[in-house]
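Chemist: The chain contents come next:
Number of protein chains: 2
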Amino acid sequence: MDVKEQILKIGEDALAASRALAKLSTRKKNAILEAMAEELDAQRAFIQAENTKDLEAGKEAGLNVAMLDRLELTDARIDGMIKGLRDVAVLSDPVGNEISTWNRPNGLEIRKIRVPIGVIGIIFESRPNVTCDAAALCFKTSNAVILRGGKEAIHSNLAIAKAMQNGGKAKGMPDNAIQLIPTTDREAVKVMCQMTDYLDLIIPRGGEGLIKAVTEMSHVPVIKHYKGICHTYIDAAADLPMGWKIAENAKCQRPGVCNAMETLLVHKDKAAEFLPKMGEILEARGVELRGDETVCRYIASAKPATEEDWHEEYLEMILAIRVVDDVDAAVAHINKYGSGHSDAIVTQDEKAEKTFLAEVDSSSVYVNASTRFTDGAEFGMGAEIGISTDKLHARGPMGLEELTTYKFVIEGKGQIRE
Amino acid sequence: MDVKEQILKIGEDALAASRALAKLSTRKKNAILEAMAEELDAQRAFIQAENTKDLEAGKEAGLNVAMLDRLELTDARIDGMIKGLRDVAVLSDPVGNEISTWNRPNGLEIRKIRVPIGVIGIIFESRPNVTCDAAALCFKTSNAVILRGGKEAIHSNLAIAKAMQNGGKAKGMPDNAIQLIPTTDREAVKVMCQMTDYLDLIIPRGGEGLIKAVTEMSHVPVIKHYKGICHTYIDAAADLPMGWKIAENAKCQRPGVCNAMETLLVHKDKAAEFLPKMGEILEARGVELRGDETVCRYIASAKPATEEDWHEEYLEMILAIRVVDDVDAAVAHINKYGSGHSDAIVTQDEKAEKTFLAEVDSSSVYVNASTRFTDGAEFGMGAEIGISTDKLHARGPMGLEELTTYKFVIEGKGQIRE
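One line per chain: the protein sequences are A and B, in this order. Just so we're aligned: 418 in the UniProt record's numbering is position 418 of the first sequence, and the numbers increase by one with no gaps anywhere. Just so we're aligned: 383 in the UniProt record's numbering is position 383 of the second sequence, and the numbers increase by one with no gaps anywhere.
One should not assume that every hint holds.
Calculated pairs, PhoX-like style, for lysine-lysine (alpha carbon to alpha carbon, straight line, at most 20 Å) [what the hints assert, rightly or not]: (1) LYS336/A - LYS9/B; (2) LYS23/B - LYS336/A; (3) LYS83/A - LYS171/A; (4) LYS413/B - LYS351/A; (5) LYS59/B - LYS23/A; (6) LYS112/B - LYS245/A; (7) LYS354/B - LYS112/A; (8) LYS9/A - LYS336/B; (9) LYS190/A - LYS212/B; (10) LYS169/B - LYS59/B; (11) LYS23/A - LYS354/B.
Quick list of simulated restraints, FRET-style, between CB atoms [what the hints assert, rightly or not]: (12) ASP326/A - LYS9/B: 37 to 43 Å; (13) VAL3/A - GLU307/B: 26 to 32 Å; (14) ARG104/A - THR196/B: 22 to 28 Å; (15) ASP69/B - GLY107/A: 33 to 39 Å.
No lab work stands behind these hints, which were simulated from the structure alone. For glycine and all other residues, C-beta sits at the position ideal for the given N, C-alpha and C.
Work out the full structure: start from the sequences and follow the hints.
Modeler: In structure tokens form, the structure reads like this:
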């Protein structure tokens, strides 16, 4: 079998599995998730032995320390996967929920009901725990899943998938509900992206390069997360101590993640009062500052920012700062340079707040809070398959509901169309 | 300017328009729709003169009678467009509606709010009234729209778009909110399909060839409507007179549309009783019947069906009929050969009903009613931009809500992430 045939067979099997999954009760799905958790625990030594193969190959291939760290399945990380499975079992199952119901004058009753999407492909890079997390969320929502991980984690991914399959099977999980593509051939991704007969959705998880490649190759709908170029805007009516605290948190609390602030915007009337102390706070935290002319006047250590800085997702302790004329200019800057992820205004003025919240075209818009809250857990969704910067069909943090679609169920008593 | 530059400029202008549209009040949008209706009426002679150019060119190019009919803008059709604009003005505006609201333990208030999608591309074929209908729905939901119609209707489309633009502009419609691509160069479609910086969504409307081409070319998300291979299944527990009536209606009331029945499935225990009379009824209506062996035994005039017949969207007075063992076999047939559009079961048995409604993976599933009801107006949506056989993000009839997405609005009092 060549790669194409192999992947198409996986797709065909996944479609069949998705039909069987649609019939499972929530109780049964939860029992299967628990059985997966137990099997993962029982297979800990095997999983770690397989993980060691990947780590050794990675060292030989010259992976850097950060990549090797992402790859490693410590006991704590395996515990994390096991806990993750149990957490997902506890979450309420959206499948079958009624979104709305109405009656037509001719007596037809129309119900809009949540249903699984069908077959979901997850294309990811080096973190092997994605295998478990993503498969659990897809399974809980009765979607069949096809996982394609990075080649550097192939042994680990196969070991985790095997434990989930074996654990689940013992409790009646349909065959092929969770499949991991065993080949590391790059052709496999291309075939996945084009098998519209079997795949309903692809969620790529990884760097911008991976996501761009998948989007350009794909005829299957893709929900993607490109970048997080997040802004905080300090308005003319800002409570400045609140602004300092929020900006420090948004930049420094965890700078390497997508909801961290990359650009700080400051109303011109507050620049003189706000910037010097902000500069001190950020310098003390070791943040490199790049600003426009006004910023450089108030913060001696700031370097001049270039046009590229406004486009940059630093993901490290660097911050671009710009002074703007008013809330409209802040909105225009964000809509031009932002990535539609998370943006905040700090203000006590209702009008500025209203303008900002209505006009900033991002998935999460904040007033008087840190952008660091954009996250499935922080939003109370319980679990997260990712954060979407797309508009269709899921936007922002994606939990279980975002892994479903809907159908219309129409009940009649023999109505025909006149 | 070459075609690519021309289309990219249109995209850039549409994006700017979408920012302005997001600020319009519902009242203002409705006044603009009314002004468009008035201008369309005022420009009736001009529109019809331009339409005559298309009709003459069409005759010369050898278009058939049906195509020429679709192209023609009679007074009644112009009245229809004018009424359509006024109907859309009356519909409630989903933009700004709260989908849900909740509070987090840390005091953050999270609201999920409906917002416009942004810029929508409509690629359509020869019916010029789509220009008006689609633009009105996009405008009402504060989306900028880029229309690309068929070359045979170019004069008509430009005349309609011009009337809408002039009418709207007089009442404050933002520039470039509604744009029609003036060139008929095919390259324009390709550029549209790949301008992900400006377009958020493409809705192709037309035959399967157009839709396939757009889907394969597009890097922009596409919501599409491929085919309607709709089924009616007569269960063992069917009320037979109801079954005869529903099947006749689903096939004959308007056979050329997507929600008409193409295949009739009959439980084997009811075949002897149901089929002969069904055959008589359909023959009397002039329907050509193609059936499996059992069907041909009970209906003398039926021709033997081939595998291709189960895949066929006839869109005319032809019907495929198959006898199946039980509801599970009916579901399996529909999920294999159907197009995810509309399928019905006729039964008085709750268990069969439940199985069918849960397991048939179509956007609209019916019990004891004709599939002909799948339609925005029949569902009470007031207007319809199309019927989606996709799963993301809109499924089934699409009204105004389906032209929106959402954003999360988070209000705090200075919360930072610990």
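Chemist: Work down the list of hints and note, for each, if the structure agrees.
Modeler: Hints, verified against the model:
1. About 16 Å separates the Cα atoms of LYS336/A and LYS9/B, which keeps this hinted pair within 20 Å; it holds.
2. Between LYS23/B and LYS336/A the CA atoms are separated by roughly 17 Å; this keeps the pair inside 20 Å, and the hint holds.
3. Of the pairs offered as hints, the one joining LYS83/A and LYS171/A holds, with about 19 Å between alpha carbons and a cut-off of 20 Å not exceeded.
4. Restraint check for LYS413/B and LYS351/A: satisfied, since their Cα atoms lie roughly 17 Å apart, inside the 20 Å limit.
5. Between LYS59/B and LYS23/A, the direct Cα distance comes to roughly 55 Å. Violation of the 20 Å bound is thereby established for this hinted pair.
6. For the suggested pair LYS112/B and LYS245/A, the alpha carbons sit about 26 Å apart, so the restraint of at most 20 Å is broken.
7. This hinted pair checks out: LYS354/B and LYS112/A have alpha carbons roughly 15 Å apart, not beyond 20 Å.
8. For the hint linking LYS9/A to LYS336/B, the alpha-carbon distance of about 16 Å falls within 20 Å, and the restraint holds.
9. Between LYS190/A and LYS212/B the alpha-carbon distance is near 18 Å, which keeps this suggested pair within the 20 Å criterion.
10. Straight-line distance between C-alpha atoms of LYS169/B and LYS59/B comes to about 35 Å, which puts the hinted pair past the 20 Å bound.
11. Between the alpha carbons of LYS23/A and LYS354/B the distance comes to roughly 11 Å, so the proposed pair stays at or under 20 Å and holds.
12. At roughly 28 Å, the beta-carbon separation of ASP326/A and LYS9/B lies outside the given 37 to 43 Å, and the hint is violated.
13. Under the hint 26 to 32 Å, the C-beta atoms of VAL3/A and GLU307/B, about 29 Å apart, fit the expected range.
14. As the Cβ distance of ARG104/A to THR196/B is approximately 39 Å, the hint placing it in 22 to 28 Å is violated.
15. ASP69/B and GLY107/A have their C-beta atoms about 35 Å apart, which keeps the hinted 33 to 39 Å range intact.
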